[in-house]
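Enquirer: Take the sequences, apply the hints, and build the full model.
Those protein sequence lines, which keep their order, are chains A and B. Going left to right, the first sequence walks through residues 1 to 258 as the numbering used here numbers them. Going left to right, the second sequence walks through residues 1001 to 1263 as the numbering used here numbers them.
Honestly, the hints are just simulated from the structure, not real lab data. It cannot be assumed that every hint is accurate.
Said to hold, decoys possible - Once the Cα atoms are required to be at most 30 Å apart in a straight line, the calculated DSS-like pairs of lysine-lysine come out as: (1) B:K1020 with A:K169; (2) A:K169 with B:K1079; (3) B:K1075 with A:K169.
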Amino acid sequence: MNDTQRYWLGVAMPWLAMAIFLIVWQLACVVFQIPEIILPTPTRIFTVFIQRWDILLQFCLETLWTTLIGFFLAIGFGLLLGLAIGASPFIYAGLYPLLIAFNAVPKVAIVPILMIWLGVGALPAVITAFAISFFPIVVNVATGLATIEPEMRDVMRSLGASQWEILTKVGIPRAMPYLFASLKVAITLAFIGSVISETVGGNRGIGFLMLSAGARNDSATTFAGLFAIAIMGVLMYAVCALIEQRMTRWAFRGAVMT
Amino acid sequence: MDSGPLVELRQVSLAYRVGKERMPALGDATMAIRKGEFIAVVGPSGCGKSTLMKLVTGLLPPSGGEVIVHGQKVKGPIKGVGMAFQNSTLMPWRTTLDNILLPLEVVSPHKQRFRAHRAEYVAKAEALLASVGLGGFGDKYPWQLSGGMQQRSNLCRALIHEPEILMLDEPFGALDAFTREELWGVMQKLWLERKFTAVLVTHDLREAVYLADTVYVMSRRPGRIVLTKTIDLPRPRTLESTFEPAFVDIVHELRERIHLEHA
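Expert: Following this line, the structure appears as structure tokens:
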């Protein structure tokens, strides 16, 4: 195999894997005569996608908005908290156990509470997306700050740099690759958060669409919703990965500068 | 000499606290460094050489004794110091030029003037880069440079703000022998031009003798100064001079003293 073939095979691999997955699914449905209500075939789901694309798009956009708002809140809050925790051992000691405890709480459990507080609507979904996705951002930013080389700190201190200067000139730039790495994880978590909220109790978004389709035994539409979430998740992940590469080229040491 | 030494250590000791135990790292160091003098500290590994450096710059407070710079007792990190470590600690997100400009963004009075006079400072940094043989490499990132080039940049960063005191903690330790010896020459040239006061911590005796006016030999942990050797070989020293008997004799003398510590 020469280099060109190797390259194109690399590009084709994800699509091949997906195609095989869908074909096996389709064959299994046909061969074992699985009823549509249990598991619709991919072709059936695809048909629903085409037929009902306007509704799907509308509900997708609602979910996308709530997810993105929650995600951006998580970036802002996670960045600040991560900087605080990474910069001060005392804040770290004080807040870290609390954060872990909070992260261990299943977010599906807080949705009913949010409903009581905020009613039904976009807000509980935004907050669930935020609550589930800020943790990896905090941990990563704090790690980036806490692992500054002591020599780097000594160089800055011997120049008479203040804590603030050390933070802005060394800490924050150094934490950036960690932040962007965490964004890829956080965006997919944010989708999980908003869809959970919409599914548990909501009147909008793709989660609500799936729930109501499920209630009508319309499995094909439910699955179409699942596919839509997966597609949005992959797209947002790709956007985050692209931003990561643009913003922190130095962290890759030119390895992926193609 | 005018008003006494620039840096003075009086019975300085330091003990680290490890849990409840006190680990003595440095015991009783006394030395005086003249303005413009180049001193080297050598000794067995783990003898507290690097600790000594942190004490002089005020990065660590001593457990006993006192450190005096400019006739004043050191209480915190002192101003006007340049530092270079074995690990070049250049920031990978900055170009080499921006790395070298870093001290000017932090040190007064440059930091107040930096934005308005950027072009002037850039020209200064480029001139310094050229003087260590790195002209035209300013827009490269540190990780695009070889180890030797990174250390040259590191020296530039340590010197750009024209510090009175330059601290060197095994700056050439991680380099191959050829590059290291080449950089001795670069270092000597910079020192002869600028006449800053330099403190070099190293375990390479030839390096110490090549560069220093005075070499201090330290004992095993907890380190004490067991020998002070004045090197009055003529300057500029060259790689040729390192093979002359006078040079070799001094290296042997130092080596024997250090061997006593390992016995």
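Enquirer: So which of the earlier hints does this model not fit?
Expert: 1
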